[in-house]
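Please dock the two separately framed chains into a single complex, following the hints provided.
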Amino acid sequence: MDFSDTEEQRLIRTSAAELVRRLVPPERVRALFAADAPAYCPDLWRGLAEAGYLGTLVPGDGGGAGLGFVEMGCVLEALGGVLASGPYLSSSVVAVEALRLAADEEQQGQWLPAIASGEKVLCPMIDDQTGGGFAPVAYAHTADALLVASGGHLHIVDPTAVGVAIDEFPSLDPTRHFAAVAVSSAALAAAARLAGPIDAAMTARLMAVGAAATAAEMLGVASRAHELACAYAKERQQFGKPIGSFQAIKHLLADQRVALEGARSAVYAALWALDGDPAGATVAAAVAKTAMSEVALRIGAEAIQVHGGMGFTDEVDAHLYLKRAQMDAMAYGTSDHHGRLLAERLRDLAQWTRLT
Amino acid sequence: MDLADDPGQARLRRDLRAWLAEHLTGEWRAGYQAGDEGQRIALLRQWQRALHQAGFAARSWPGAYGGRDGRLIEELIIFEELARADAPPDVFRIGVRIIGPMLMQLAREDQKADFLPGMANGDLLWSQGFSEPSAGSDLASLTTRADRSNRGFRINGQKVWNTLGQHADYCLLLARTDPRAVPHKGLTAFAVKLNSPGIRINPLRQINGRRDFNEIFLDDVEVPEDSVVGEVNGGWAVAMTMLGFERRGVAVMGFACGRLFGRLLDLAGSVRLRETGAPAIDHPPLRDRLAALGVQARIAVLNNYRFAAMVPEGGVPGPEGSIQKLHSTELNKAMHDFAFEIMKGADLNESAARDLFDFWGEEYVTSIGMTIAGGTAQIQRTTIGERALGLPR
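In order, the protein sequence lines correspond to chains E and B. Under the working numbering, think of the first position of the first sequence as 127, with each following residue one higher. Under the working numbering, think of the first position of the second sequence as 9, with each following residue one higher.
Bound-form chain B, shown alone (with noise of 0.2 Å):
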């Protein structure tokens, strides 16, 4: 146990430093939130290729593959300053952190040469298409139909909560093939390009305003032979595989809410009361219950390092990450209630305590979706009783 940097990741973390004060500018930020929907995903897809370029994105990955053949302590240290950077979203997430680690596992060699290096790089968007209208937490009663056809698989159906399809390449989707197999033995996966015919694509306005996810419609999709991702009638494996990947993707919120901890004493120390005209900081009730959350802010970070020490090198990781997620996404709502909590004793004559609603409420707002999405924290705890604590179904 030795929770210092060693020399290179010490290096690794300069280097990153450097390269963010060079390239994350001022100038970059202010494009970047100047940008509609569409010059903003253009803007993403080009520092996903310079962060690549630099040797940040997809790190862990084999030098075939586009990545840099580095470790996963690597990819967290990376993570780390990220957050700590406010670095922009990172929409290729889904692709390098959940599709990626899959396909190496569970896709033909072709496949792998084919997607692997342009998700690493910026080139591939992928987002995801398992969740239907009437199949969410119970994703094997999934309903969309993969049917035989001359060239491969026609696919009819409907996904929903697909993030970003309205901008991304392809979609690594779950399909059923075989409507008499029990409900997971069915399922088939397949990587389809998002601009086939029958495909439609509608975003859905969200309760922060935004529109990442969509509902996909699929008419007659006709996909070939070799877009199948596993095993024909071998989904159910391919959907777990990434929902592991997914788990331990969460990783990063647990650096969120580290960075977040340092946001919210800026809140505090710049907010003055309406009560007692000092900044909220000063107040010993609201430290009190910063220092709380700072404890567990501290701890969802050093969770992030010790989880991942946990898991072998090109492993999947277990049920320890639905703790992370679970610890880290819950933490994360309290820690934009409390920024609430503050602004609730604002003096709101201040047009500066005003302006802040309109950062903290779409985070606050966008934090309540975080114990939903990837699996609610409901199905967490599920997951966590059965497969951690070992408590019978």
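Just chain E, same shape as in the assembly (with noise of 0.2 Å):
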């Protein structure tokens, strides 16, 4: 039991944030608001590439980095932290998985180091409600390739493709894109599949994959939206003194912080989960998706409120941190879903530490 990064995590957390602090400046998120802009910054995604960061969870024999989980989860939590845009998550986490999962050596040969390279993006649809449609599908009309999930099976479809309707839609979430896709079955049936079935288990595999990686990318949002906050209340001054000197904007964001470092310790347990208690995973990536959701939404409100008239302009990016956690609070499964999915597991809630 020991919760402490490694050295090799410790230098994975700080370059990660540096470097994407240093490409993804506050201008450059406001930048890909104009209507003409592109759906993300190639140079983000050539640095991620270069860095490695794109292949983190990809197999060293598959031109990645071949590491683990709690690694990637640092490159999130950078990533959300400056609200930077890509499909990072989609691709490099959730895709990979599912390559790792059913795809045999050919198609991972195919894709594994074209995205680590950065070369190739791939969406993964796996989280199907409806029967049929996908919504909301990060970042789906910049893909190279859909991976949906259909009939026990994940196909590759190209997303130009005849029966393919991809519906792109303004969220609340000015920072990134969403879709919802529909995919015809003659679509689907003309499509490569990945050599393996996906069963349930997979399914739910995926789906904690992903809700552990959403609750990352919101451990990042929520943590900055709470430092704005923190370093406005220490500027901003009123009756003569820094609002934060007042206990009742001292006391809301103490108890910010109570939130956001147990919802941190609810993340990074559920990241470890993946690798090192498969078992427990589904059960920790709720925790942690509850958890954070909750919090980072908080956060995200009471920073315009600390911010006061100024929270409500467009000029400070408190608001952005809200609206990103509100889209981020629906990827993966909602706080609903996670909710009664713990309820009908009580008992393996209760399990906390297992005797090795």
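Possibly wrong hints are sitting among the right ones.
The calculated lysine to aspartate or glutamate pairs, modelled on EDC-like cross-linking and capped at a C-alpha distance of 20 Å, are [as the list claims (entries may be wrong)]:
id, chain 1, residue 1, chain 2, residue 2
1, E, Lys-367, B, Glu-394
2, E, Lys-360, B, Glu-394
3, E, Lys-246, E, Glu-231
4, B, Lys-352, B, Asp-363
5, E, Lys-246, E, Glu-176
6, B, Lys-120, B, Glu-321
7, B, Lys-341, E, Asp-381
8, E, Lys-360, E, Glu-441
Every beta carbon over 12 Å from chain B, so not counted as near; a handful from chain E, in silico [to be verified]:
id, residue
9, Pro-185
10, Ser-276
11, Ala-313
12, Ala-327
These are calculated hints, taken from the structure and not from any lab test. Heads up, the beta-carbon is just placed ideally off N, CA and C, and yes, glycines get one too.
Set out below in structure tokens:
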């Protein structure tokens, strides 16, 4: 039982945060809001590829770093913290896990090195809640291929093929792109598919990966929103004092930190469980996702409140964190979904230590 | 990061579970339940002695002072397993987790040799004399005086919220030695024998029915020069070091929350609701709320392990201890509150349901005190705001 980062994890945590801060300054986030701007910044994608982060989870013989989910979480936390746009979570996390589970050697050889190098982006659509339609799907229109779960298989679908409808819609979150995607049965039938079938356990595994990864992204979002609120509370003066000296603000921010640190424990544990305790990963991911969603939404909203009237202007970034958290809370299982899952598995939830 | 036990940790866990199965018998519990206050303390001294002999008490202390040179993480594993087994109350915690670690940093060598081994093995029960009727959260304003005398110091004043002093051997007491200095600079810490002439201890009856804490009246109490702990007028450093360790000591509360969650599941499984006639746990709204509490209970346990990894071995815990204390004591309250939510819906025509009030009533009321003891929740928020977040005073 050791919660501390390894030397390598410490290194990745610092260098990923540094790289991402450099490649995604606040003005770059806003530059992407323009109607004619690209969906995400090629510089960022190239930078992530060069640092090896796009292939964090890709095995060494597939051109990746062969690292674990805790290391991957360091990258996602950093990306969330700067409101980066890009399909990292989809392509480099969930799609890579899907390929590891269901692709044969040839398919892995075709996709994994290309994902790690940034040459190809694969968009997984695992969470079919409506029978045929998927939404919200992140960055479907820019993907090289869609990886669509249907009928016990994962199909590799060309997004420009006949029978594929990608309806990008303006979500609450201006920092990322989401679409509703429908794939006709004819398009599915015409598409190649990954060699192995995908059963309920694999789907649950992919959902746990997606949920834990989304929670890691939100951890970055919430941490940064909390930092912004704290910084403003130190600087903004009223009644001749910084507003952070008033207990109403001080205690609100202290409660944020308590909630944030608790969620951080849950997120790190869920990332660890994906490698270290696969049997407990679904419950750990559900714990992380529900806890993190609650905290990120609360901190996002309170960060606006602490900024007062300025927080309600577009000038201040606080609202972007809240809007991003809302869309994250929707991805890979809502709090309602994970809450129900946990309510059905209360005894597993109580099982917090496993004897090795 | 590896949240599984390494082989040594797994062995420790297994050994302790086996030891508890052998020693914490139904017979032992029955004897404890039947005992009066004095008998219970005597049993707890024996219990501490047994735990210590088996290597499960003060494990992270140096061997020379009665420890096992273990790592902090081993102590956490022990706390977790003791909580899981519903081990008897740890009345030696104030010595072992708060005063002892402070002594190791700030006391003279002869004091360490005199006091530490007895704290660890159950010979010496220690208590703490900080708060006063008009100095609670504002500790530095305390007025108990220690004036120079022929033999050392003469102490006069009144202390309150002294835990278990009526049974304890020693009190680590804070008194004012320099009334002219600014409040926190004129204080000195003393190791006071509680059977010294001039000391009167008056247990207070608490709202949970127990008498754990006391008023202490000190009337011309003579203490020798060598009872000073740390520097004369250096009592504030002693107090702050102890508060740091006290917050870490709260780790136990996180594990207790983990244990309590299992107990809530048992309660919800056994109580039949008046309206449905079915066990509370089958009622979906209650299940949902249990799940939400279970999420936070798991977080309380994880926080213990994660925060411990943030403090170097031998270091004094920082404000993260306040984060942990606030989270686990508020959660502990919410969980006991929920126990009463279940009981409100219970069919009290069943005598088994009525019997639950005895246990849960006392626990519920006790939980309310935990956001006051050891620094109120409000003081913890201020500490977090100023020391962790760097907000201005």
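Structure-based check of all given hints:
1. E:Lys-367 with B:Glu-394: Given pair Lys-367 of chain E, Glu-394 of chain B holds - Cα atoms ~15 Å apart, limit 20 Å.
2. E:Lys-360 with B:Glu-394: Holds, at roughly 11 Å.
3. E:Lys-246 with E:Glu-231: At roughly 18 Å apart (the allowed maximum being 20 Å), Glu-231 of chain E and Lys-246 of chain E satisfy the hint.
4. B:Lys-352 with B:Asp-363: Given that 20 Å is the threshold and the Cα spacing comes to 13 Å, the pair holds.
5. E:Lys-246 with E:Glu-176: holds (14 Å)
6. B:Lys-120 with B:Glu-321: Between Lys-120 of chain B and Glu-321 of chain B the Cα gap is close to 19 Å, so the pair holds against 20 Å.
7. B:Lys-341 with E:Asp-381: Cα-Cα ~16 Å, so holds.
8. E:Lys-360 with E:Glu-441: Satisfied, since the Cα-Cα distance of roughly 19 Å is no more than 20 Å.
9. Pro-185: holds (20 Å)
10. Ser-276: holds (31 Å)
11. Ala-313: holds (39 Å)
12. Ala-327: Non-interface label on Ala-327 of chain E holds, nearest chain B Cβ at 21 Å vs cutoff 12 Å.
This entry satisfies every hint, going by the numbered hints stated previously.
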